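Participant: Sequence:
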Amino acid sequence: MSRLWLINGWRQHYSSQKALLAGIQQAKLLGLDSYCSHRYGQQWWLCCAPVGARQQQQQDIVTALRQQFQQALQVVAVLQHSQQWVCVCWDHQQLLTALAVSNDDSGCQQVQLVLQGVWQRSGFQPLCLVSPELPEALQQWLDEVPHTRLQQFSLAQLQPHKTAQLQLLSQLPSWRRRRQLLLITMTLIGLITTLSWYYWPASARGDSSIDASQLAVPLVGMPVDSLLLIREHLQQLELLAGWQVEQLTLHDDQLVVLLRQGYGRFGELQQQLQPHWQIRQTAQQVQLQRNLASIGGDLEFNQSLSQAQQQLHQQLLQLLPAVHWHLGSTGITAQHHWQDLSVRFDSWYWLELSDVQQLLQGFDVRVMQLKLSRQPQSQVAMELRLYQPVMATDDIPTIGQGETDDTTLDVSSSSY
77 MSRLWLINGW RQHYSSQKAL LAGIQQAKLL GLDSYCSHRY GQQWWLCCAP
127 VGARQQQQQD IVTALRQQFQ QALQVVAVLQ HSQQWVCVCW DHQQLLTALA
177 VSNDDSGCQQ VQLVLQGVWQ RSGFQPLCLV SPELPEALQQ WLDEVPHTRL
227 QQFSLAQLQP HKTAQLQLLS QLPSWRRRRQ LLLITMTLIG LITTLSWYYW
277 PASARGDSSI DASQLAVPLV GMPVDSLLLI REHLQQLELL AGWQVEQLTL
327 HDDQLVVLLR QGYGRFGELQ QQLQPHWQIR QTAQQVQLQR NLASIGGDLE
377 FNQSLSQAQQ QLHQQLLQLL PAVHWHLGST GITAQHHWQD LSVRFDSWYW
427 LELSDVQQLL QGFDVRVMQL KLSRQPQSQV AMELRLYQPV MATDDIPTIG
477 QGETDDTTLD VSSSSY
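Each number in the working numbering corresponds to the 1-based position in the sequence shown with 76 added.
Since the hints were derived computationally from the structure, they do not count as laboratory data.
Being a predicted model, the structure only gives us computed values, none of them experimental.
Mixed in with the good hints, there may be bad ones.
[Claimed, not checked] With a cut-off of at most 30 Å between alpha-carbon atoms, the simulated DSS-like pairs for lysine-lysine come out as follows: (1) Lys104 with Lys238; (2) Lys104 with Lys94; (3) Lys447 with Lys238; (4) Lys94 with Lys238.
Input sequences plus hints: build the corresponding full structure.
Facilitator: Okay, structure coming up:
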């Protein structure tokens, strides 16, 4: 049985989550029944369907194509679907067209007319996915279009994807549900911490304040608030014309970004970048580097390592069910116990990483290393270090009395 694909849906672009939620409310007023949405760069793509599409288990053909060809920033697809021709085009973050026409000469002329308008865009050099049954006249016209990479592709090769599934308009987007769950969790943690401190014996609180001066020692790693600054840099670099961010790494206070050249030129890149970036060119890549200043982040030491590990692991699993978690080295100094953690999850855009940053603010943690990469798949890898003062519980595994081990795992070569 062939899969049912949604083609002629109600499609919109939005540049913010607030506008996306308003669009979903508008779809309800129009009498639509279900939707799917996904983020590409700074744009949210929304597709809404009438009553019956979700019951037939239809999937959005545009989202499925975009997920299967994530590395292709410019695509033209002309595919045969039943007795129709389907034409889907996108240019980076913008969806240009998604339509279905009749499988006859009139339909082919309509597809050719649409494609003629698409190819007038400046710098448009797409990957062209064409059905093996493409009419000869349309095939010859595509062969004559310059700067086009033709690839045969049939709708039978298109793989379904969970993000292409339709859900009821009454259901909130997944990112909104995760954010609500995180807010509830953080509120409960804050309430429990406040009650614990209020009912803690006064003598114990007094002893803690006396020893507080011993905690003012240098801590290894960057505060989690530095992720906000990295997010701003990445969002700016994603908008560079003719260049694509391939990899971003943070080690100590050094931020390094690798850019892959598209149609852009090196001289034009220098004009687009802010002056704080150091630039080095190698073949088809450019390396950007800058130092990040530490932006606050004093630790509160309100949990033991064992409690922090358990709660952090549980909350990460709630936020990102597919997250990979690994415990690394442990150590002790005169003032602190610490535990290294490795966290990895599949992502590139910063919605999930921003949620992780908010989650980490509830723990005594520093970022040791960070790596975002697009190859072989979009992935975020983080090396974290949890801290606890030595005057807390003594059930923490240590390396040895008075010893210190500041070694960390290298995210550039770690295997999971």
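Participant: For the pair supplied as a hint, Lys104 and Lys238, confirm whether the alpha-carbon distance does not exceed 30 Å.
Facilitator: holds, 22 Å
Participant: Is the hinted pair Lys447 and Lys238 satisfied, with a Cα-Cα distance of at most 30 Å?
Facilitator: Answer holds: Lys447 to Lys238 is near 26 Å, not above 30 Å.
Participant: Quick one, are Lys94 and Lys238 close enough, alpha carbons at most 30 Å?
Facilitator: It holds: about 23 Å lies between the C-alpha atoms, which stays within 30 Å.
Participant: With a cut-off of 30 Å on the C-alpha distance, tell me whether Lys104 and Lys94 pass.
Facilitator: holds, 16 Å
This entry satisfies every hint, going by the numbered hints stated previously.
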